[in-house]
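Protein chains in written order, with the working numbering: chain V, 2 to 311; chain Y, 43 to 320; chain L, 144 to 416.
Don't read these hints as lab results, they were simulated from the structure. Treat the hints loosely; a few may be bogus.
What the hints assert, rightly or not - Simulated crosslink set (EDC-like; lysine to aspartate or glutamate; CA at most 16 Å straight-line):
#: 1; chain 1: V; residue 1: K32; chain 2: V; residue 2: E121
#: 2; chain 1: V; residue 1: K32; chain 2: V; residue 2: D11
#: 3; chain 1: V; residue 1: K32; chain 2: Y; residue 2: E305
#: 4; chain 1: L; residue 1: K312; chain 2: Y; residue 2: E305
#: 5; chain 1: L; residue 1: K227; chain 2: L; residue 2: D207
#: 6; chain 1: Y; residue 1: K61; chain 2: Y; residue 2: E316
#: 7; chain 1: Y; residue 1: K61; chain 2: Y; residue 2: D135
#: 8; chain 1: Y; residue 1: K139; chain 2: V; residue 2: D287
#: 9; chain 1: V; residue 1: K225; chain 2: V; residue 2: E186
#: 10; chain 1: Y; residue 1: K209; chain 2: L; residue 2: E407
#: 11; chain 1: L; residue 1: K227; chain 2: L; residue 2: D197
#: 12; chain 1: Y; residue 1: K61; chain 2: Y; residue 2: E266
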Amino acid sequence: MKALRDAFGDEILALGRENPNVYVVDCDIGKSCKTLEFARQLPQQHLNVGIAEQNAAGVSAGLATCGKIPFVSTYAAFGSMRMCEQIRQEICYPRLNVKIACSHGGLTPANDGASHQAIEDYGIMRTLPNMTILVPCDYYSCRSLIRAACQWDGPVYLRFTRDPVPFIYRESDQFEIGRARTVREGGDVAIIAAGAVMSLALQACDLLHSQGIEARLLDMHTVKPLDTAAVTAAIQEIGRVVTVEDHNIINGIGSAVCEVAAGLGRGVVKRMGVQDQFGESGPYFDLLEKNGVTAQSIADTARSLVTGEN
Amino acid sequence: MLQNNKVLSLEETAIALRKTLLTTIYKAQSGHPGGSLSSADLMTVLYFDELRLRPHQPKWPERDRFVLSKGHVCPVLYACLAMRDFFPMEELDHLRKFGSILQGHPDMKRTPGVDISTGSLGQGVSCAVGMAIANRRDQNPGRVFCLLGDGETNEGQVWEAAETASKYQLDNLILLVDHNGLQNDGTCQDIMPPRDLAEKFRAFGFQTYQIDGHSIPAILDVFERIRAHQGGQPYAVIAKTVKGRGVSFMENVVAWHGQAPNEQEYLQAIQEIEEGLS
Amino acid sequence: MLTEERRAFLTQRARQARALTLEAIYRVGRGHIGGTMSIAELLIALYDDVMRVDPSNPSWPERDRLVVSKGHAAPIVYAVLAMKGYFDPKLLDTLNANGTTLPSHCDMRKVPGIDMTAGSLGQGLSAAVGMALANQMDHRDSYVYAIVGDGESQEGQVWEAVMLAAQRKLEHLIVFVDDNGCQVDGFTGDILNMRPFDQKYRAFGWHAIYVEDGHSFDQILDAIHQAKQTPDRPHAIILNTVKAKHVPGAENTYQSHCFSLTREQLDNSLRNL
Chain V
2 MKALRDAFGD
12 EILALGRENP
22 NVYVVDCDIG
32 KSCKTLEFAR
42 QLPQQHLNVG
52 IAEQNAAGVS
62 AGLATCGKIP
72 FVSTYAAFGS
82 MRMCEQIRQE
92 ICYPRLNVKI
102 ACSHGGLTPA
112 NDGASHQAIE
122 DYGIMRTLPN
132 MTILVPCDYY
142 SCRSLIRAAC
152 QWDGPVYLRF
162 TRDPVPFIYR
172 ESDQFEIGRA
182 RTVREGGDVA
192 IIAAGAVMSL
202 ALQACDLLHS
212 QGIEARLLDM
222 HTVKPLDTAA
232 VTAAIQEIGR
242 VVTVEDHNII
252 NGIGSAVCEV
262 AAGLGRGVVK
272 RMGVQDQFGE
282 SGPYFDLLEK
292 NGVTAQSIAD
302 TARSLVTGEN
Chain Y
43 MLQNNKVLSL
53 EETAIALRKT
63 LLTTIYKAQS
73 GHPGGSLSSA
83 DLMTVLYFDE
93 LRLRPHQPKW
103 PERDRFVLSK
113 GHVCPVLYAC
123 LAMRDFFPME
133 ELDHLRKFGS
143 ILQGHPDMKR
153 TPGVDISTGS
163 LGQGVSCAVG
173 MAIANRRDQN
183 PGRVFCLLGD
193 GETNEGQVWE
203 AAETASKYQL
213 DNLILLVDHN
223 GLQNDGTCQD
233 IMPPRDLAEK
243 FRAFGFQTYQ
253 IDGHSIPAIL
263 DVFERIRAHQ
273 GGQPYAVIAK
283 TVKGRGVSFM
293 ENVVAWHGQA
303 PNEQEYLQAI
313 QEIEEGLS
Chain L
144 MLTEERRAFL
154 TQRARQARAL
164 TLEAIYRVGR
174 GHIGGTMSIA
184 ELLIALYDDV
194 MRVDPSNPSW
204 PERDRLVVSK
214 GHAAPIVYAV
224 LAMKGYFDPK
234 LLDTLNANGT
244 TLPSHCDMRK
254 VPGIDMTAGS
264 LGQGLSAAVG
274 MALANQMDHR
284 DSYVYAIVGD
294 GESQEGQVWE
304 AVMLAAQRKL
314 EHLIVFVDDN
324 GCQVDGFTGD
334 ILNMRPFDQK
344 YRAFGWHAIY
354 VEDGHSFDQI
364 LDAIHQAKQT
374 PDRPHAIILN
384 TVKAKHVPGA
394 ENTYQSHCFS
404 LTREQLDNSL
414 RNL
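Excised from the complex, chain V in its bound form:
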């Protein structure tokens, strides 16, 4: 188990050492976002602008026009909402090479309550032209995708989570922006997931397997540009899809998959995620359960699609 925010701390340090143009712009939560080591080792590539997120976005835009590759580091709630218009105006519209790297995505700032939980973040970012969105699910894929984001020329929103999550991949696995990864192969039902809930989806696959149902599990780590080929294949080859995410079911991965299905005019999609309600203080998995997201419920939903029982 290792947290995605730790993956960010480790990978950004490696990237910064390799490339003096890689910058980190902190907003006074470097400690939680795991950038302290970067700040200590590479002070010439580091800025802490204080609790001033809108300014962080604009400063990064300015840095980018001078050839830097700034990673703004903050919580997802602030990185997607407090600086939203600045991202739109000064980063996405002029297509500047700024990365918005956010920890504490979804319900993971569990005890902090609704103010700090970000259940809307990549849904908002998804509507911004020129934006690329990455939602990794484990430590190694996270590191690989951060590296890919650094090499990608243009705005990228990266969503990490707070708590340690199980390893799903090996260190040597490489990930490509826009190319979904098949975690499990199967032909009875497709489960499309991303982020910290991937381990629940995997457990659901095991539960289904024990009932003789084989699920294809896709890691949709790139929410935008969506791997429409992988989604199309799932719909045309299987036709039954469950989406699972730690995000509002509105405008998240479920919505993106539905858009593809609607375009094809076929397929059934069940969206699992936050039920369009704010979070509250409580343990992470209790909060997910309150929204109907558990391994058992994912398996039940998938099985009902296969058997035709509601």
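Use these hints to put chains Y and L onto chain V, whose structure you have.
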């Protein structure tokens, strides 16, 4: 003599408040002790002397309102509200628990006595300005007090709100800056130098005061001066404080911004507070 | 102190910039006249006398940069860039037209010489601070200039950027506040008074200079000279300007922020210049 008794009594209350908020954080094993302790004396004078409140009628329209813009120090607010009988003391045991009325950051829909939900820094002052304008236009005598952090003044929105308070000459608005000199990632001086906060607020049209935020007499005195003042200006009180005040190993230590004590630390903290180290 | 000859030359250039701008806006039918006219002298002073730029190489890394945070002033920025040879002045005829490369607000992806896209108020100073930081970290001695409106300064993001610039001692950052006293809905003094700007900037740790006549080349250039002599702090130059300067009947009115010029008004203005 009467004044002396009042000071002594409030100082005792401040000790009780510090113990209560630390116990709350200890039981939750989650929360922000540093800034709760730095603002405990200000909160004591507010909740046990200055604010006009009706605990059994939390929505009394003519109450003085309080905005905790630095929402993460809600343990000190919850402890005040419980001690003032807005809700039973037992509720404090459920801080940050699933289904609790006491959320990780203040939630006006769940907690009696919380006038506005906060938690994302820099936003509370704007809300306080809105309340003060509404009271002014409704000829409501209720005043609005807003506690914010020094690090929080990094947020530009604080200065947008300050401009507006000044424009509308909100002399029913009192900002209290808990100037403890530390923020999440380090000292304010390192992260974003606050410079002379009083000068900044003066430049934005405020009547300003600078006090020792741990001196009960000084806090009582500043509120008295504000009540006596007629200036058509909003007020900013820059209260010099010590983060973690009252617990030796927490004082001026950045790490205690948002970390709960273990049992041994908790017991030592309670002992130090009782001995009145502060 | 400028020579008589130089002053006359710069004055003539400002006249030309205003004329090109008004003609372009007249062709569009409607545009931001007030806030373009208030910065004509400043832009000419910067491009003709102060900034280290190479119009044949707009992305020269060593150049001085300019961020026009009040992005709606784009028409006059375009006019001055055309006068400097960044592109053919004939392009000014296409301002805002369908398919144009000269959109209504400053656009770095479409217009050679524009260093930062702008249009949403309050954001440009942050970008300028980012540029000045990059220069500082790369040990480049280039200057970054920014033009910020007085109304725009009501945005809190401006003050976030101001704090950071002071902390980082960005002595090669010079910000001009176009204090023309008007914004869309009224006089800034009525909407949300931000004056005195110099006191605010000083309280935030800046070197601040108040310029009595923001249309005087001598005073503008003198202030820039003073700024460059003052180390360790970023500089705010507060320019007391006239909105819609030299447009008869529109001067110092907030209604001049964005309006349609009649043929008669255009001719009057051009004569008046």
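The hints, checked one at a time:
Restraint check for V:K32 and V:E121: the C-alpha separation of about 24 Å exceeds 16 Å, so the hint is violated. Between V:K32 and V:D11, the direct Cα distance comes to roughly 13 Å. Compliance with the 16 Å bound is thereby established for this hinted pair. A threshold of 16 Å between alpha carbons decides the hint, and for V:K32 with Y:E305 the separation of about 24 Å lies outside it, so the pair is violated. With a CA separation close to 45 Å, the supplied pair L:K312 and Y:E305 exceeds the 16 Å bound.
This hinted pair checks out: L:K227 and L:D207 have alpha carbons roughly 15 Å apart, not beyond 16 Å. For the suggested pair Y:K61 and Y:E316, the alpha carbons sit about 8 Å apart, so the restraint of at most 16 Å is met. Our distance criterion of 16 Å between C-alpha atoms is met by Y:K61 and Y:D135, whose separation comes to about 13 Å. Between Y:K139 and V:D287 the alpha-carbon distance is near 11 Å, which keeps this suggested pair within the 16 Å criterion.
Pair hint V:K225 plus V:E186 does not hold up; C-alpha atoms about 23 Å apart against a cutoff of 16 Å. Pair hint Y:K209 plus L:E407 does not hold up; C-alpha atoms about 40 Å apart against a cutoff of 16 Å. A threshold of 16 Å between alpha carbons decides the hint, and for L:K227 with L:D197 the separation of about 9 Å falls inside it, so the pair holds. Taken as a hint, the Y:K61 and Y:E266 pair is broken in the structure, with Cα atoms around 28 Å apart against an allowance of 16 Å.
Violated hints, in rising order: 1, 3, 4, 9, 10, 12; the structure is consistent with all others.
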